[in-house]
Amino acid sequence: MLRSGRVDFAGVVKHVNLSYVPEAMVGDFVLVHVGFAISTVDEAEAAQVFRYLEQMGELAELDEREPS
Amino acid sequence: MKFIDEYRDPAAAAGFARALRRITTRPWTLMEVCGGQTHAIVKFGVDELLPPEVELVHGPGCPVCVTPLELIEKALEIASMPGVTFCSFGDMLRVPGRTTDLLTVKARGGDVRIVYSPLDAVTLARENPDREVVFFAVGFETTAPANAMAVFQAAQLGLKNFSLLVSHVLVPPAMEAILSSPKSRVQGFLAAGHVCSVMGFTEYEPLAARYRVPIVVTGFEPLDILQGVYMCVKQLEEGRAEVENQYARAVRRDGNVPAQLLMREVFRIAPRKWRGVGEIPESGLALAGPYASFDAEVRFGIAGHTADEPTECCSGQIMQGLMKPHECPAFGTRCTPEHPLGATMVSSEGACAAYYRYRRLTVPPQEQKVVSHGN
Amino acid sequence: MAIDLIPGATCAVPIGDHTHVLLAHGGGGRLTNQLIDGLFLPAFGNPSSHAHHDGAHLHMGGARLAFSTDSYVVRPMFFPGGDIGTLAINGTVNDLAMCGARPQFLSVGFVIEEGLPMESLRRIVSSMQAAARAAAVTIVTGDTKVVDRGKGDGVYVNTAGVGLIEYDGVIAPASVRPGDVILLSGDIGRHGMAVMAAREGLQFESDIESDCAPVSAPVLALLEAGVDVHCLRDLTRGGLASAVVEIAQASGLHIRLEEDALPVREDVRGACEILGFDPIYVANEGRFIAFVPEADARRAFEILRAHAVSVGVVRVGVVSERPEGLVTLRSRIGATRVVDMLSGEQLPRIC
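Note that the protein sequences, when read in sequence, are chains A, B and C.
Mapping of the first sequence onto the working numbering: residues 2 to 69, in sequence order.
Mapping of the second sequence onto the working numbering: residues 273 to 647, in sequence order.
Mapping of the third sequence onto the working numbering: residues 313 to 663, in sequence order.
It is worth saying that the hints were derived from the structure and are not from the lab.
Even glycine gets a Cβ: it sits at the ideal position worked out from N, Cα and C.
Incorrect hints may appear among the rest.
Unchecked claim - Sample of chain A residues facing chain B (criterion: CB under 7 Å; computed from the structure):
1) Ala-11
2) Tyr-21
3) Ala-25
4) Val-27
5) Phe-30
6) Leu-32
7) Val-33
8) Gly-36
9) Phe-37
10) Ser-40
11) Val-42
12) Asp-43
13) Val-50
14) Leu-54
15) Gln-56
16) Met-57
Claimed, not checked - In silico DSS-like cross-links for lysine-lysine, where the CA-CA straight-line distance does not exceed 30 Å:
17) C:Lys-457 with B:Lys-378
18) B:Lys-455 with B:Lys-378
19) B:Lys-596 with B:Lys-455
20) B:Lys-506 with B:Lys-455
21) C:Lys-463 with B:Lys-378
22) B:Lys-455 with B:Lys-315
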């Protein structure tokens, strides 16, 4: 319950309580709130915002290429 | 910064805006219930990228704003007592009670401290056994695990001089209260991403089904919000009413189980008054039996104190999404961040404060003039 | 929209007129200005005092002088990149430079709390000596007082300075014109976050150092080169935002900033993200903005780039007529928002 670690925010390091992310390993990204990590960030899922956009983007480009 | 900058990419934002324009055929009213999202929307101007048919209204998503007057008065009373070290997050310090606020209490000699984490308050209690250290535990489910841990640690350490003034509120009951109101115009919800990273989103499934509203768990960066709005509008256009997860990189359906376990150990569900909205049953957290001795209201003997909210105030209308901040007659004139009439103007995440700070361009000119003299 | 608003009966009683001085009154934002406008100016005001200027312009025996004063109360006294001593010298040097003057002579006043370790005082004095040398100014007079233990905060330092104004034009918000370009001398937010990192309780490790430095050399270079400098302002408490808002209000013009152009170091951003701070409001101690006409912008840019303290100069905005008195910022994603002055200190934001 007292697991804590050093979390890097773009070069600034803070001690953060890691009790709620027992699966977090060094090198993982975490979501920090009031000094606690409340979730790990899933890198694969993080890209889905852009995959989604790409899928839509193809359609949008098609529309744009319609005779104007 | 990784996982932040990518979600502020202008080209991608424009892409979502274009896609939204393509699929929107009718007016829709969506509500977000998170002060952090309100702030991001107004700060980055996300709503300027939406098609005119899509209206985003702001719900009671700012825990500072919804803390009832009664509890502010209790905080002020405790903070003014000799021998007390009163700890709080920054925003609560400027919320006005009936006649004063915590910053003023500090100016007059009260030991009021801003802390970054509730554990800092526990440390203060450990290091100052001659002081009564009280932590103002305000927040949604996002902050509850941290507060639970603080109480748990205080109990483990056998601290006798630490207590919590609790003002925890829960999101799903508030959403239900809004949806069940006959005045509700809300057709879709953006659910607060950080609340859901703790709680998961199973609680929203019955709400979506019962009220036939799409609910999309959404993050905080501009791209997250744009994608969340897109997914919500897409559901509405297609006649669906499901729970979807836009913020999948940080939210899983079941949420954070270790956090929920400790929350359930330390807290119990209780009725709560929401400032500007009224009492909503089972909408808050209070300390559970074994931890009741850490309840500041009991420790200082003020549990029975009440304070009536004065007559109906615009903040309530704004927090229910029935009015926009600049539609309030006092906005920018009698009500400014220096002279706030309600909590939504005080808190940096309150809708009124956000609109005031970032949006005065849309306010009629005569109001602007008064505003620039800072009065 | 029919709302029955009973005047005065609302969610809370407004905290308007303060019966006690608040910390926010010293924050450099709106409340500070209210104190100046409401209390000090009516009492002390005279034809040569410019309310929101960095210093006073005086005529004395045929000479044009700039005269400025500043007090330093920073906690902690020692922080990465400097200390209360370096701040005290550079702060007044920079205020004089903002008046278009060559800083020459400084006075120093100490209010020391009984019990301050002599070694600390020695360090501070040594810093001041080095800073004065670097800024080419001489400390010519001073005063020392000691107060009882518990009645001070280690040490408070005041400096005042004079210099000769070497520029014929009027450097003031009133000289700003539509079309003027705004140059910012370097990246923002370092000083405030360096001090934050050194404060107890916030406990984060960082390499951020204060940007505390004299800026008189590049400013005088601009003036000597004949650049038509309309306005100068050094960025201190309240950050870039407070400085531009003040100038917009005083000039009655509109200032538009581009968010993409604002230089912020990655680690400063990280520190701001942790505390929920906005870098445009964070204090600086070695940065300034210059308003020059478009025609002089290129030349001014090159001159500033040639000096170490302003090598990071960037163009951050432009002046126009409307909306009057407001500052707007175009966000990364292309939307526009108003930039306001803060009432007081930024409080660490949580949610």
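Taking the numbered hints from earlier one at a time, note which ones the structure violates and give those numbers from smallest to largest.
-> 3, 4, 7, 15, 18
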